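Asks: Those protein sequence lines, which keep their order, are chains C and D.
The first sequence begins at 1 in my numbering and counts up by one.
The second sequence begins at 1 in my numbering and counts up by one.
Mixed in with the good hints, there may be bad ones.
It does not matter which identical chain is meant; a pair holds if it fits inside one copy or across any two.
Taking lysine-lysine pairs in the DSS-like style, the calculated list, with each CA pair at most 30 Å apart, reads [said to hold, decoys possible]:
#1 K322 - K232
#2 K215 - K264
#3 K121 - K227
#4 K31 - K49
#5 K49 - K227
#6 K121 - K331
#7 K232 - K49
#8 K306 - K9
#9 K121 - K215
#10 K308 - K121
#11 K31 - K336
Just so you know, these hints were derived from the structure itself, not from any lab.
As the structure is a computational prediction, the values presented were derived from the model and not from experiment.
Protein chains: 2
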Amino acid sequence: MFEDKNIAKTSLEDLGEFGLIEQIAQGFQPKQNSTIKGIGDDAAVLDYKTEKTVVSSEIFVEGIHFRWDYMPLRHLGYKVAMATVSDIIAMNATPKQLLVNIALSNRFTVEAVDEIYNGIKYACDKLELDLVGGDTSSSVTGLTLSLTAIGSAPEENLVYRTGAQQNDLIVVSGDLGGAFLGLQVLEREAQVTKINPNNKPDFENYTYLIERQLKPEARRDVLQILKELEVKPSSMIDISDGLASELIHLSKHSGFGIQIYEEKIPLDPSVIRTAEEFSINPITCALNGGEDYELLFTIAQQDFEKIKGNPHFSVIGFVGEKGSENYLITKGNQSKVPLVAQGWTANES
Amino acid sequence: MFEDKNIAKTSLEDLGEFGLIEQIAQGFQPKQNSTIKGIGDDAAVLDYKTEKTVVSSEIFVEGIHFRWDYMPLRHLGYKVAMATVSDIIAMNATPKQLLVNIALSNRFTVEAVDEIYNGIKYACDKLELDLVGGDTSSSVTGLTLSLTAIGSAPEENLVYRTGAQQNDLIVVSGDLGGAFLGLQVLEREAQVTKINPNNKPDFENYTYLIERQLKPEARRDVLQILKELEVKPSSMIDISDGLASELIHLSKHSGFGIQIYEEKIPLDPSVIRTAEEFSINPITCALNGGEDYELLFTIAQQDFEKIKGNPHFSVIGFVGEKGSENYLITKGNQSKVPLVAQGWTANES
């Protein structure tokens, strides 16, 4: 699905705004019963019947969230869709519709825009999402994408950040740190290529990491697995900013301290190997790297038997006392390291 | 509400992403019964009970939709909120929640961001909207705002672009062309100030036009008036891109041609006067200017008596035969001018 093609070049002026919207809309036919009216009116109309409406919005900026030298446009479309939908999933809700706002300068061709929407469409097809609206604009420079995901859930299914209780277990899906190291590998090769344009990057040892960076998956499957196991998390969040930051959110919203064990944090062998190559602690990649889009959740102790040994899940710690510190216990109970959050700080103008 | 203050300067780095989000959230307390969960989780949770969910999203880019030299930040916040909500209103639905994504470079101070959100808050207070989410990001350069408005309506109330029928009357609320001419006045003064920094703009003759440009109002009141008059439009759209473009949308979605009369297009006296000053046809301002955020709708002939003489409404034409042309009949039935739509074309990169 993700191979490159020989791409023609049609200017956005030739097509115009309304032509562009029409062309985009053609590729997306609504499939969800809840989509009453999709693209083509002032607003979309949705019907969730007795379920609650769940909505989240994200913005992605060229030079901040992505760069062209290693992010193919189709992957970009796929990734921004998955990243946005991940927040709906983290509510234990089913994502159903997507709105995509795009602002782009005229260095982009119609074919380039198509590539972005092809990636979005691939994500939509995979998760059965309907594209139901959005806005297109020119920009003075660069590309900005802003996506809104909507979904629904019966009220009793919803899982908030607030619900963790003392002695609950902390669980993560999948493994962590891969997306961050994938980015390091891509950036290193981009630097080499800048100096030596004949450089032929060999990504053979990094395929997993690069896929984690360029083609992340929102873990809707985890919701299904938990449902089948009859486990309802007490709190949940998706891991977009790194494990440490998300743990602190769960702690702050519940009021309980959180303790995790370094040796329990799930790491792919290629994460350990590549972190060593870059002289980084792989645990740091997991704690502060971000973009893994795994789920972090808490469960009651009595649910432990249900998930024990399940290859999708790792129990990494527990919820401590009300108001206690958040920390990482290093290997072999050596020491306690306080968890520190990271967010963005504004760039130079 | 819109006066300037002496503003302190705190850098975004000092506050950080999470601090900024907290500070923004404090100013907004949910008021709508339908807001189950607002800011502070992965997603907002809304409950529209038996009503349908209506959602629309818009993107606003510095240098394309606004410029600093004449757009105060608070007005910008107010305007983008009103512009986004206008699409929900054009469905004959009630806007209830707003999500705001913002990307900005570090030439913006915390106080500047506060000013934008103060404007958004003023719009939210006026229309009883809850700010329930959004995303903040740094940007390499400039400011981008992307807003999503959500609301609801009973299914039987919804009005689409598709419903116009032959012989229906074409109606607009308020008057047109003012926002466009307000922009011309502001741009002219900005040019003068660039050459002569001591220039003191005198806007006394242009207050209405400048208010239309800097502080547009989404016409939720029109829905209430129509309800009281027991008039349900057969189709409706808001006028964001200019009357011509919106008429063509209604025509295209219904399949019927539309004919309007030049002399019926509602123009404020200051629009006529200022258009003359700029040597522009005021009708051109109404047809192609945009940003008036009035409502354009069609009604059945038998509803004419209900709106006749109402100062909020002007009947400007009628719906013609299936597949007929869209045109303007000039003053005194002189000639027929085809209506032509305008959208953006991409800017230089």
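Asks: A separate judgement is required for each hint: does it hold in the structure or not?
Replies: Going down the list of hints, with the structure as the test:
With identical chains, the CA atoms of K322 and K232 are at most 30 Å apart within one copy only, with a shortest distance of 22 Å there and 56 Å across copies. For a Cα distance limit of 30 Å, the shortest separation of K215 from K264 inside one copy, 25 Å, qualifies, whereas the shortest one across copies, 55 Å, does not. For the homomeric pair K121 and K227, the shortest alpha-carbon distance inside one copy (27 Å) is at most 30 Å, but the shortest distance between copies (40 Å) is not. In this homomeric assembly, K31 and K49 come within 30 Å of each other (Cα to Cα) both inside a single copy, at 17 Å, and across copies, at 23 Å.
Taking the closest pair of Cα atoms, K49 and K227 come within 30 Å of each other both inside a single copy (21 Å) and across two copies (25 Å). Taking the closest pair of Cα atoms, K121 and K331 never come within 30 Å of each other, the shortest separation being 43 Å inside a single copy and 49 Å across copies. For the homomeric pair K232 and K49, the shortest alpha-carbon distances inside one copy (23 Å) and between copies (24 Å) are both at most 30 Å. Taking the shortest Cα distances, K306 and K9 never come within 30 Å of each other, neither inside one copy (54 Å) nor across copies (54 Å).
Taking the closest pair of Cα atoms, K121 and K215 come within 30 Å of each other only inside a single copy of the chain (13 Å); across copies the shortest separation is 37 Å, beyond that limit. In this homomeric assembly, K308 and K121 never come within 30 Å of each other (Cα to Cα): the closest approach is 36 Å inside a single copy and 48 Å across copies. For the identical chains of this complex, K31 and K336 are neighbours neither inside a copy (50 Å) nor across copies (43 Å), given an alpha-carbon limit of 30 Å.
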